[in-house]
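A.B. asks: Please arrange chain D on chain C, whose structure you already have, making use of the hints.
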Amino acid sequence: MVDAHPSHEPVAPALVEVSGLSLPAAITHLPRPDPYLNVEDYEPEADAMALNMGPQHPSTHGVLRLKLFLDGEICFKAVPYVGYLHRGVEKLLENRTAIQSVPYVDKNDYVSPLTGELALVMAYEALLDVEPPPRAQVLRTILMELQRIASHHLWLGTFCLDMGGALGGGSSVFLYNFRERELILDLLEALTGQRMHYNALMVGGNRHDVPPGWEEKVLATMDRVEDRLAEYEAMTVDNHIFRSRTVGVGVLDPLLALEAGAGGANLRASGVDHDLRRDAPYAAYGQVDVRIPVETAGDCYARFLVRIAEMREAIRIVRLLVSGIPEGPIGALKPPRHVNAVKLPPGEVYVGIESPRGELGTYLISDGSPIPVRVKIRPPSLHAVSLLPYLCVGATVSDIVVILGSLDPILGEVDR
Amino acid sequence: MAVDETSRTFVHPLYGWLEKIPGLSVGLTTADAVLSWGLEHSLWVFPMATSCCGIEFMATMTSRFDMDQFGTFTRPTPRQCDVMVVAGTITVKMAPRVKRLWDMMPEPRWCVAMGSCAISGDFYRNLYAVVPGVDTFIPVDVYVPGCPPAPDHVHAGMHVLMEKIRQVRKGTFRPNADPAAREGLLRPSIPRIGDPDRDPALSRAQAEAAFRMDPGCQVTPRSEDERDVP
Chain C
1 MVDAHPSHEP
11 VAPALVEVSG
21 LSLPAAITHL
31 PRPDPYLNVE
41 DYEPEADAMA
51 LNMGPQHPST
61 HGVLRLKLFL
71 DGEICFKAVP
81 YVGYLHRGVE
91 KLLENRTAIQ
101 SVPYVDKNDY
111 VSPLTGELAL
121 VMAYEALLDV
131 EPPPRAQVLR
141 TILMELQRIA
151 SHHLWLGTFC
161 LDMGGALGGG
171 SSVFLYNFRE
181 RELILDLLEA
191 LTGQRMHYNA
201 LMVGGNRHDV
211 PPGWEEKVLA
221 TMDRVEDRLA
231 EYEAMTVDNH
241 IFRSRTVGVG
251 VLDPLLALEA
261 GAGGANLRAS
271 GVDHDLRRDA
281 PYAAYGQVDV
291 RIPVETAGDC
301 YARFLVRIAE
311 MREAIRIVRL
321 LVSGIPEGPI
331 GALKPPRHVN
341 AVKLPPGEVY
351 VGIESPRGEL
361 GTYLISDGSP
371 IPVRVKIRPP
381 SLHAVSLLPY
391 LCVGATVSDI
401 VVILGSLDPI
411 LGEVDR
Chain D
1 MAVDETSRTF
11 VHPLYGWLEK
21 IPGLSVGLTT
31 ADAVLSWGLE
41 HSLWVFPMAT
51 SCCGIEFMAT
61 MTSRFDMDQF
71 GTFTRPTPRQ
81 CDVMVVAGTI
91 TVKMAPRVKR
101 LWDMMPEPRW
111 CVAMGSCAIS
121 GDFYRNLYAV
131 VPGVDTFIPV
141 DVYVPGCPPA
151 PDHVHAGMHV
161 LMEKIRQVRK
171 GTFRPNADPA
181 AREGLLRPSI
191 PRIGDPDRDP
201 ALSRAQAEAA
211 FRMDPGCQVT
221 PRSEDERDVP
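Those sequence lines, one after another, are chains C and D.
First residue of the first sequence? That's 1 in our numbering, and the numbers climb one at a time after it.
First residue of the second sequence? That's 1 in our numbering, and the numbers climb one at a time after it.
No lab work stands behind these hints: they were computed from the structure.
Heads up, some of the hints might be wrong.
List time: in silico PhoX-like cross-link candidates among lysine-lysine, alpha-carbon distance up to 20 angstroms [said to hold, decoys possible]:
| no. | chain 1 | residue 1 | chain 2 | residue 2 |
| --- | --- | --- | --- | --- |
| 1 | D | 93 | C | 91 |
| 2 | C | 334 | C | 91 |
| 3 | C | 67 | D | 93 |
Across the chosen pairs, the derived CB separations fall in these ranges [what the hints assert, rightly or not]:
| no. | chain 1 | residue 1 | chain 2 | residue 2 | range |
| --- | --- | --- | --- | --- | --- |
| 4 | C | 397 | D | 108 | 32 to 38 angstroms |
| 5 | D | 80 | C | 43 | 47 to 53 angstroms |
| 6 | D | 27 | C | 50 | 33 to 39 angstroms |
| 7 | D | 35 | C | 394 | 49 to 55 angstroms |
| 8 | C | 397 | D | 69 | 32 to 38 angstroms |
| 9 | D | 44 | C | 347 | 40 to 46 angstroms |
| 10 | D | 64 | C | 347 | 45 to 51 angstroms |
| 11 | D | 152 | C | 328 | 46 to 52 angstroms |
| 12 | D | 159 | C | 213 | 30 to 36 angstroms |
Glycine residues also receive a C-beta, built at the ideal position from the N, C-alpha and C atoms.
Pulled out of the complex, with its shape left as it was, chain C reads as follows (with noise of 0.2 angstroms):
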């Protein structure tokens, strides 16, 4: 057994106060490295090389081009180029209406879809001054955390995948955790009819209304995929290699985490007590008690464990709110009879959510005409890229995969 890192002991670790936040002692301002360093400035101890990763590479979860300038193994300076998905999702959304909007934002973060869909009609609906009606927030809430649980148990698998046979032959976890994943997009197939890009919500309310049987399957297949969650923990938490490869790994100052607006289990994993469904409660978020697992070591295995502890939370708020769904019609407005016929009110406006990335906003101003004149979406996964910089120097190319896998970024999102 590899020695425990001293903040994974039971015993609370020592706080320092920055600016009003509590943050853990022994991660907070770190020597931080230089991204700019000038290349030709740098004396190397041995072999000096660049390594060019990506932007066809399975480690980099999409099309991530990450130039590594090396010393022996040891990366003393990452660049990350991004760009090479970049579809102007921004640049369509302002030259479509809301009900047409919804599809392209399912394919921004197309692990989690439905997120996605989420922030973009939420900021529709603050901007008309709508509310979903409660039978339809409380679908949505149940929706959100389902697909949380789906985009961490991808998120677990390819991780464990990025770290080759560390874990019994490399892929068995991944194959486990797409067994559970494809549970859960049964119960999202069988309400959407679609597997992956859902278009499940709209402005005022829901597309779909429950199919019947459908919350006793969901307690079932909560109760499969609790059940299987204990196997993993077993495979990982405890498991040697896992464990020499991840802990100490990657530490990410909570300072920086705050300054590069990361987001998500990336800074709760780092000590600092923030998550959207809390202190900002939307859809039925309210009605539940969220319970925010938070970390203080700021490692690879802290983030893992934090997004671990997440699933458990999103299983235990599935489990609340499916016994009492309210009875009620899922949508607000009547569809629309024409794609030009809902007239935006003059104005601007921010939403953001907790997606399983972090906060996910969606920026929205209008002058008045059916669609906006301009939409920004906060993307959490482009402000963990930007940690890749600080994180990579000082790691080995090796463990360069492992803080990559860890931040959890998705291409689509990063270059929208």
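C.D. replies: Showing chain D alone in chain C's frame:
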């Protein structure tokens, strides 16, 4: 190839090839048929996965859908692969990389365009940054439509590719002779919003509204009575 007939318990397709002589059966075939059989049942796939379809392609490889049962297997390097599955949107920035990876693959090689974006660019096709279909710069053998195609559809597409490999090696590949045989082999013509050669059955009002939404066109001001055209 000699097979003992006494242990025969079920009719295997192989028995269609057997010639019976007293005491045993002899399988007679051409070397070409054996090579073709080997090729089509050991397709190693290079997943050119850029976006959403890549996730569905990963799901196709996992336990429930289990592409391995057909000998289809992913390798992360183009040097070892027979088939490139282009799964996802190809942008102008990514297209030269896709072409370079395709050029690295050894002959014989095939290409499967998975999903609407790889087929035609889908609803990003009029955008400045997106290539309208991967067949604009590499030859595509099989088109698998969908957004994204379900894993079952990817299976069907790989079977169309196997059939094509078999027919091409036998010299019987004539997709233009029989319309039913063209399923999946030709670029599907899907009427889509903003496309000038779309289905003429759509009403004129809808066509005008759609064209107004086209990012390539200028947005024209709308009058009040035009707003609620059914």
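A.B. asks: Against each hint, give a clear statement of whether it holds in the structure.
C.D. replies: Structure-based check of each hint:
1. Taking the CA atoms of residue 93 (chain D) and residue 91 (chain C), the gap is about 18 angstroms. The hint holds against a cut of 20 angstroms.
2. Among the hinted pairs, residue 334 (chain C) with residue 91 (chain C) is inconsistent with the structure: their alpha-carbon atoms are about 27 angstroms apart, more than 20 angstroms.
3. At most 20 angstroms may separate the alpha-carbon atoms for a hinted pair to count; residue 67 (chain C) and residue 93 (chain D) meet this at roughly 16 angstroms.
4. Checked against the given bound of 32 to 38 angstroms, the beta carbons of residue 397 (chain C) and residue 108 (chain D), roughly 34 angstroms apart, stay inside it.
5. Restraint check, residue 80 (chain D) to residue 43 (chain C): a C-beta distance of roughly 39 angstroms breaks the suggested window 47 to 53 angstroms.
6. Hint check: residue 27 (chain D) to residue 50 (chain C), Cβ distance near 56 angstroms, so the stated range 33 to 39 angstroms is violated.
7. About 52 angstroms separates the C-beta atoms of residue 35 (chain D) and residue 394 (chain C), a value consistent with the hinted range of 49 to 55 angstroms.
8. As the Cβ distance of residue 397 (chain C) to residue 69 (chain D) is approximately 35 angstroms, the hint placing it in 32 to 38 angstroms holds.
9. In this structure, residue 44 (chain D) and residue 347 (chain C) break the distance hint of 40 to 46 angstroms, their C-beta atoms being roughly 55 angstroms apart.
10. Separated by about 47 angstroms at the C-beta atoms, residue 64 (chain D) and residue 347 (chain C) satisfy the suggested range of 45 to 51 angstroms.
11. A beta carbon spacing of about 36 angstroms between residue 152 (chain D) and residue 328 (chain C) contradicts the range 46 to 52 angstroms that was offered as a hint.
12. For the pair residue 159 (chain D) and residue 213 (chain C), the supplied restraint of 30 to 36 angstroms holds, since their beta-carbon distance comes to about 34 angstroms.
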